[in-house]
Amino acid sequence: MTPPVLRCRALRKAYGGQVVLDNLDLDVAEHEVVALIGASGSGKSTLLRCVNLLEDLDDGTIHLDGDHITDPRVDPDLVRRRMGIVFQAYNLFPHLRVLDNITLAPIRVHRRPRAEAEAQARDLLARVGLAEKAEDYPDRLSGGQQQRVAIVRALVNSPRLLLLDEVTSALDPELVGEVLTMIRDLKAEGMTMVLATHEMGFAREVADRVCFLDGGRVLEEGPPERVLGEPTEPRTRQFLRRIVEAGRL
Amino acid sequence: MRPTHHHPSPVARQRAAYRRRQTVRSVLVAAASTGVLGTLLVIAVTGAPGWHRVRQSFLDAGIARAALPEVAAGLWLNVRLLVFCALGALAVGLAVSLLRTLRGPVFFPVRALATGYTYTFRGLPLIIVLYVFTLGVPGLRLQGTPPVLVLGGLALVLVYGGYLAEVFRAGIESVHPSQLAAARSLGLTYRQTMRYVVLPQAIRRVAPPLLNDVVALQKDVGLVSLAGPIDAVRAAQIATAETFNYTPYIVAGVLFVLLAIPLIAVTDWVTLRAARRQAAR
Ligand SMILES: Nc1ncnc2c1ncn2[C@@H]1O[C@H](COP(=O)(O)OP(=O)(O)OP(=O)(O)O)[C@@H](O)[C@H]1O
Ligand SMILES: [Mg+2]
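Line by line, the protein sequences are chains A and B.
Position in the first sequence (from 1) plus 1 gives the number in the working numbering.
Oh and the second sequence: position 231 is 215 in the working numbering, straight run, nothing missing.
Just so you know, these hints were derived from the structure itself, not from any lab.
Hints are not guaranteed to be accurate.
Per label pair, the in silico range of CB-to-CB distance [said to hold, decoys possible]:
#1 B:249 / A:98: 23 to 33 Å
#2 B:252 / A:11: 58 to 68 Å
#3 A:115 / B:124: 45 to 55 Å
#4 B:63 / A:68: 58 to 68 Å
#5 B:107 / A:112: 38 to 48 Å
Using N, Cα and C, we set each Cβ at its ideal position, and we do this for glycine too.
Chain B with its partners taken away, still in its complex shape (with noise of 0.2 Å):
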C-alpha cells in the first residue's frame, strides 16, 4: 500500500462534523425515548393493583437464593444434554441429507429409508417420541438397555435430526449446479465433490437456520425431564411445590435466557456475515 498524505478539503470538513453533530443527536434522543418508556412501563406494573401479590408470589429474593442451587443443578444437566443433543443431530441431519442426495437404483433403499426418517420424525409430536423412547423401551426389559436419560437425548437427537436433514438438504439444492461440474471436470469423484466443494458452500448458506433450530433445541431438551430426570424447570417446579412460591420458574428462566444469550449472539453474528457475503455478490 501506497501511503496517502491527503488533507480534507474544507467541504469534507463540514461534512465530517455535521456527520458527528448529528450522531450526538441521534444518541441523545433514543437515550431520552429509552427513559421515558421505560418510566411509563415501571409506573403501569407497580401501579397495577395485583402488584403487591404478584412481587410477593415471583419475585422474592429470600426465595430466589434458596431455589439457586437446586435449578442451577438442573440447568447444568440442560447445557450437558444440549451438547450431546445438538452435535448429534447435526451429525444425524448432515449424514440423512447427504443419503439422499445419492442417485442410482443400487442406494433407492436408503434413498427410500432417509426419506421416510425425515417425514416420520418432523411429523411425529417430540413428546410422544420421548415418552416411546424413555417409558417404552425399558418397557421391553432388553438387557443393556441404556438410561432414560441417553433414551431421552436419543429421542431428541431423531427428532431434530429430522428437522436439520432439511436444512443441510436446502443448503446442497442452493449449490449450482455449474458448482459441480466444474470440479468434476476437475476428475473430482463425487465424494470429493460433495466434500470439498458441495458441503462447504451449502454448510455457510445454512448456518444461520442450523443454529436457529439449535437455540430452539435448547429450550427442548428440559422435556426428558418428563421420564425423571431432572432439569432447570423441573427443580424450579420441585422448589415452587415446597415453598408454595413461584419465584423458582423466574429464576430458572433468567437463567435459560443468560444461557441462551451466547448462542443467539453467535447465530445473529453468523447471520449478519452471510448477509454481508450476499450483498458483496
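Chain A extracted, bound-state conformation (with noise of 0.2 Å):
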C-alpha cells in the first residue's frame, strides 16, 4: 500500500509557554483535499509553517511521501522543493515582475533554461486568465490577481502538496470567486491540497475532509456535510453556531 501523501504524528509546538500543536495526529491521502478550520489563534498557521519546516517542531514526525522529512538530516531546502505553500497576504517579490516571480524558483532552484520556465510560467498565468499581467510588477496587480500569480508560483515547482493559508480571507468578496474557481480547478486535476479556511461554504464545496483544530490537535474531523452539519463535539458546535452568527456560513 502507498502511504499517504502526508503523515503528521505527535505535532507539538509551543511558542513560550503557549502550547499551539498539542499531539497533533493528521493524514492527507493522495488526491485528497482537507480543510482547517478553527477559531483564530488555534494553529491553523502555525501547523501549515511547520509542514512547511518554515518552523522548528518541539516534538514529533511529519512524513511526505513515507519520507520522514523532520528528520534532523534531511536538507529543509530539497523538502520544500516538492511542496507548494501561499500565504495570507500572497508575499510576492515586489521588485520582481509577475513573470519572474514565478520563474525565480524554476531557474535559480530547479536550474531550467530561462526559456522553457517562461513559457511554462506564461502557459500557467494564460490559463488563470493573467497572460497579459505577465510584465507587470505585483503592486500592479489587484488583491485577487495578485493571490492567482501566487497560487501559480507555488505550483510552478510541481509540488506533490499544495499548502494554502487562507488565500482568500485579504481580498474583497468580489475578489474571492476568482481564487476559489482556480483552487477548484486544482482539486479537480487531482492536487492533494491542506487549506486553512474561514470560508465554510467553500470548505463544504471544496474539502473531501474537514478537520476542526481546537487546544492544539484535531478535535473532530469527517465529511464536511457531518462536521458542518452535525458536529458530535459541543467544542465544534459552538465555534460553528458563532460562524452562523457573524454571517460566514
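Two chains, two frames, a set of hints: combine them into the complex.
Spelled out as C-alpha cells, the structure:
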C-alpha cells in the first residue's frame, strides 16, 4: 500500500509557554483535499508552516510520501521543493515582475533554462486569465490577481502537496470568486491540498474532509456535511454557531 | 490602448486656462523675488567696508588662472581616490553586513569580528586611522609595504566601510520576514534568498543614504594629503603659501562643488524615485 502524501504524528509546538500544537495527528491521502477550520489562534497557520519546515517542531514527526522530513539530517531546502505554500498576504516579491516571481525558483533552484521556465509560466498565467499581466510588477495587480499569481508561483515547482493558508481572507468579496475557481480547478486536476479557511461554504464545497482544530489538536474530523452539518463535539458546535451568527456560513 | 476622441467641455477648458495663468504668475513672482534678494545681497557684500581687501585676497582672477593647473591636478587625485575608495567601501560594507546576518554557532567568530569592526571603525576618528596607516604601517619597514597613497585609501575604505555596513544592515532588516518565508518555501537556499530576494529590495531602499555617504567620502578623500600626496586642497594651500593670496582655495572649492553636483543630483533623483515608489504602495 502506498503511504499517505502527508503523515503528521504527535506534533507539538509551543511559543514560549503557549502550546499551539499539542499531540496533533493528521494524514492526507493522495488527491485528497483537507480543510482546516478552527477559531483564530487555534494553530492552523502554525501547522502549515511546520509542515513546510518554516518552523521547527518541538516534538513529533512529519512524513512526506513516506519520507521522514523532520529528521534533522534532512535538508529542508530539498523538502520544500516538493511542496508549495500560499500565504494569506500573497508575499509576492515586489521588485520582480509577475513572470520573474514565477520563474525565480525554476531557474535558480531547479536550474531549468529560462526560455522553458518562462514558457511554462506564461502558459500557467494564461490558464488563470492573467496572460497580459506577465510583465507587470505585483503592485499594479488587484488583490485577487496577486493571490492567483502567488498560487501559480507555488504550482510551478509541480508540488506533491499544496498548502493554502486563508488565501481569500485578505480579498474583497467580489475578488474571492476568481481565487476559489482556481482552487476548484486544481482539485479537479487531482492536486493534493491542505487549506486553512474561515469560509465554511468553500470548505463544504471543495474539501473531502474537514478537520476542526481546537486545543492544539484535531478535535473532530470527517466529511464536510457531517462535521459542518451535525457536529458531535460541543466545541465544534459552539464554533459553528459563532460562525453562523457572524453570517459566514 | 483604445484611442480616445475626447473633446474637453467648456468647464475643463476654463480650468486648464486658469491653471496656465496661475503658472505664468508664479514664475513671474519667483523671478522678481530672486532678483530683489540677489540685488540686496550684492549691495550688502560689495558695500561692506572690507570688500576691497577681501576681493583682492580671495577673488584675484590672475592668481586663479595661475593656480588652476596645479589645483586641477590635485583634484584628479581626489577623483581617482574617490572612485576606488567608494567601490572598496561599498564592497566591504556589503560583505560585513552580510556576515552580521549569519545565524548559528559556527559563525559566531565571524559575526563577532564583523560586529567588532563596525563598532571600532565607526568610533575611531578618520584622522587617527589615516595616521596609523600612512605613518605607522610604513614604520614597520616590512617587505612590500604599499605606497602611502594606497595605505591612505585603505584607511578610508575601512572607516567608510564601517558606516556603509550599518546602512546595508538597516536595509536588510527592513525587508519583511514574510519575504524570506516566501523565498524559502519555494526551495531557495539562504544564499539564493539573500541574493535574489532580500538584497535587491534592501539596496533599493537604502540607495539614497548610501549615495549620501559617498558624497561625504568625496570631501574626506583629500585628507590623505596629511601623509604627503598632493590633492586639490593641498595644492591650493601650496599655491597660497607662494602668493600670499587665498584665491587658490576658492578655485579648489568651486572645483569640489562642480565635482559634487552630478553625484548629489543622482542622489536626489534616486531619493525621489524611492519616495515615489513608497507613495505608490
Ligand atoms: N512567531 C510566533 N511567536 C509567538 N507566538 C506565535 C507565533 N506565531 C504564532 N503564534 C501564536 O500561536 C497561536 C496560533 O497562531 P496561528 O497563526 O497558527 O493561528 P491560526 O489558527 O492560523 O489563526 P488565524 O485564524 O487568526 O489565522 C496564536 O496564539 C499566535 O499568537
Ligand atoms: Mg492563520
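Hint numbers not upheld by this structure, sorted from lowest to highest: none
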